[in-house]
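> Residue numbers (my numbering): 1077 to 1309.
None of these hints come from the bench; they were simulated from the model.
What you are looking at is a predicted structure, and each value in this text was computed from that prediction instead of being measured.
There's no promise every hint is true.
To be verified - Label pairs and their calculated CB-CB ranges: (1) A1237 / P1137: 24 to 30 Å; (2) L1275 / A1237: 20 to 26 Å; (3) T1289 / Q1112: 41 to 47 Å; (4) V1290 / S1109: 39 to 45 Å; (5) T1189 / Q1112: 19 to 25 Å.
Cβ atoms here follow ideal geometry from the backbone N, Cα and C, with glycine treated the same way.
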Amino acid sequence: MSQLARRTIAELVGTAFLVTAVVGSGIAAQRLSPGQPGLQLLQNSIATGAALAVLIIVLQPVSAAFNPVITLAERFLRQTTTRETLILIGAQLVGGFAGAMLANLMFGLPPVTVSRQIRGGAGQWLGEIVATLGLVVVIFGATRAGRARQIGYLVGAYITAAYWFTSSTSFANPAVTLARTISATFAGIAPASAPMFVLMQLIGAAAGLALITVIHPRPAARAAPRPAMEGPS
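Starting from the given sequences, assemble the full structure and let the hints guide the process.
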């Protein structure tokens, strides 16, 4: 099996498990703590951050982006080819929808239940820019500083925190955002709200790349080998 095929499978499976963790823990939290949105968010954020850290650590030797904006950022930095980028993003999108359907089915729901949860407004859009900018800085900053082996822990911790300090609860990932449109649960987002979230994520990623080139214009001289991991959400 080719290296690209292995990376594609890793991205598909990793993104599927990530979205399963996001949606599944959201459903569980909603059922276990009805009427307590703060507690629900706490449960959702802890499960998501922990799952993300584990998935990155396990799949990092192959590929562990699980996020189209991070894969696009690597293409911008010439770390992947255009063909690889398109294939990996396709795998992330397919994996995201598969993960959402799996979570729905595990909790006795139809595989596709379109969300009606409207998310939007200037504050939440700004929150998505901030969340994605921070994610890009964490990932590429750690890589360029020679701390690639710690990315799993760093990203898991960052996303757990960003659930709380951003107004949007830090989606920061187009594949996860689109996948969450097919789950009418605590973690869902209405299809009409998703395009603006994705646009803000792209803007945040671009701003993050600009910032990282100022902070870390060159990789550390003795940095660890570039990880296959490229990011969340």
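> Give me the numbers of the hints this structure contradicts, sorted from smallest to largest.
Structure breaks no hint.
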